[in-house]
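Participant: These are the residues of each chain, in order.
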Amino acid sequence: MKPDEIRKAVIEMDDVKTAQLVNTALKQGLAPQDILNKCLISGMKEVGELFTRKEYYVPEVLLASEAFYAGFNIVSPLIKSQPAEEKTKVIIGVVKGDIHDIGKNIVKVLIEASGYDIIDLGKDVSTERFIKAVTIEKPAVLAMSSLMITTLVHMEEVIKELIKKKMRRSIKVIVGGAPVNEEFANRIGADGYAEDAARAVKLLDKLTSG
Amino acid sequence: MDKIRSVIKKQIKYAVFPIVCVDHCAHIANVKFTDVAIDGEKIAQVLLHGYNCYQYDMVLLFLDAYVEAQALGCPVRFTPYSTLLGPRSTQGFDRTDEIIKAAQILMEKIKVPLFVSIKGPFTLASFLAGMQDFLKMVLKDPTHAEAVIEQALDFQTKYLERLLEVGANIFIGDPVASATVISPVVFRDFAYEPLKKLITMTKEKGALSGIHICGDTAPLIPQLDTLGADILSIEDITLNAQTLKMGGVSTTTILHGNSTAIREEVSRALQEPRLILSTSCDVPVETNPDNIKEMIGWAHEYTDN
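In the order they appear, the protein sequences are chains R and S. The numbers in the working numbering rise by one with no breaks, and the one at position 78 of the first sequence is 99. The numbers in the working numbering rise by one with no breaks, and the one at position 202 of the second sequence is 327.
Honestly, I wouldn't trust all of these hints.
As the list claims (entries may be wrong) - Quick list of in silico lysine to any residue cross-link-like pairs, SDA-like style, CA-CA up to 25 Å:
1. 75(R) / 361(S)
2. 418(S) / 205(R)
3. 29(R) / 264(S)
4. 265(S) / 70(R)
5. 75(R) / 317(S)
Since the hints were made in silico from the structure, they are not lab data.
Using the sequences plus the hints, can you model the full thing?
Facilitator: This is the structure:
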């Protein structure tokens with residue numbers, strides 16, 4: 022079995038095949054970390070690129086995510102038992118009043134697949150919950166999304182609260198979602214905006230490097 | 126003849142309707158959305174308030190996205206501004222009767238065409254099955270997806286008959302069928318035929334039909350153009366479509382923009398040879414009424430000169 026077959030199974034959205042191939046690779050002695058990095062993450066990154074190029078759409082990305090997690094859930098416990106390098110922590114959530122979380126879920130899987138430690142607060146997340154999570158988890162980045170223009174105000178609310186609690190300087194804030202754009206992100210004082218999931222990962226890499 | 130029909134028939138170039146819905150009208154009328162959302166008389170009352178305030182060329186009865194889903198048993202939750210699908214709910218309450226009641230009241234009181242918003246069967250099916258599960262289903266279990274769409278279409282067909290009976294025109298919103306979400310192939314295989322059926326029914330009754338799809342619609346235009354709808358409400362009105370386009374002012378501009386920004390977008394939009402000047406999506410609830418008046422006023426001033 023060639024490692025590229027696992028990568029291909031993720032891109033082809035085949036969760037059963039991905040799990041089978043990962044198990045076979047482990048039996049053949051392939052290191053779990055290599056399976057994760059060279060096969061699963063690499064496959065998911067390609068899916069992100071296909072999404073950006075509009076060759077894949079949301080259904081394809083959702084199914085590819087399932088394939089990714091089918092493999093990730095097998096190798097992840099094995100990697101965690103090994104001495105792991107420190108991962109950059111990211112908190113993600115959909116702001117209060119909004120229950121549309123597909124976009125957030127796609128961003129989440131690509132961020133996770135890119136080696137970040139992600140904490141998903143889910144949807145309809147109040148400002149208080151965001152602040153509490155940031156206080157406890159001390160992430161490097163807070164990522165907020167919203168599909169509804171009526172709930173965008175809560176992104177600004179969270180940023181203002183971070184300033185009020187003197188936590189803003191120690192964290193990067195990125196925002197996304199259908200009604201969000203660069204101008205809005207700048208206006209509310211976010212550190213960045215990404216148009217889609219693959220670009221969100223690139224933005225994270227940029228903001229957290231160095 | 127009213128302005129909307131005149132533009133459709135190419136007798137005039139422009140009509141104006143920012144997508145002002147029940148939520149914004151309730152807001153400016155100082156009525157709680159949660160009270161309006163379940164009462165046909167109040168729906169009509171706030172929409173009349175909005176119409177009298179802005180004097181646009183049509184009225185759209187759009188309450189929220191989940192009227193039909195709720196009638197089919199989906200739990201919904203009312204918030205001060207909008208309605209959400211969710212667990213804290215009033216289950217199984219059919220608000221379509223209230224929509225019909227509101228439509229009847231409005232038909233008697235307004236002189237411009239009334240459009241009632243209904244959901245496209247693809248989008249309604251996604252609410253019924255759960256958005257994520259449904260989107261995966263279209264690729265993994267297409268037969269099941271088709272069955273859910275059929276259930277949605279069956280409900281919409283009967284609902285549409287009742288709306289056409291009272292003389293309403295129809296605006297079909299199908300946001301989940303956007304090319305931001307699905308491919309043109311999935312649109313062709315799952316969303317197109319149900320939309321076509323509803324539009325054909327509407328045409329047969331002599332009523333007008335519009336379609337609203339948010340986000341990216343560029344790859345869908347060739348298909349949307351063959352549906353037979355009278356109006357195509359899209360974000361990017363520079364796209365080359367045969368159907369009369371509706372749009373031109375972004376929701377961000379109408380919400381946050383100043384007079385100059387609004388005038389700029391209106392002037393740019395009115396370079397189109399024919400257009401229903403509108404917003405790219407619903408006017409946000411808390412939009413300053415002055416911005417809406419600016420949009421309509423400048424459109425009139427610009428087209429008069």
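Participant: What hint numbers does the structure not satisfy?
Facilitator: As far as the earlier hints go, not one is violated by this structure.
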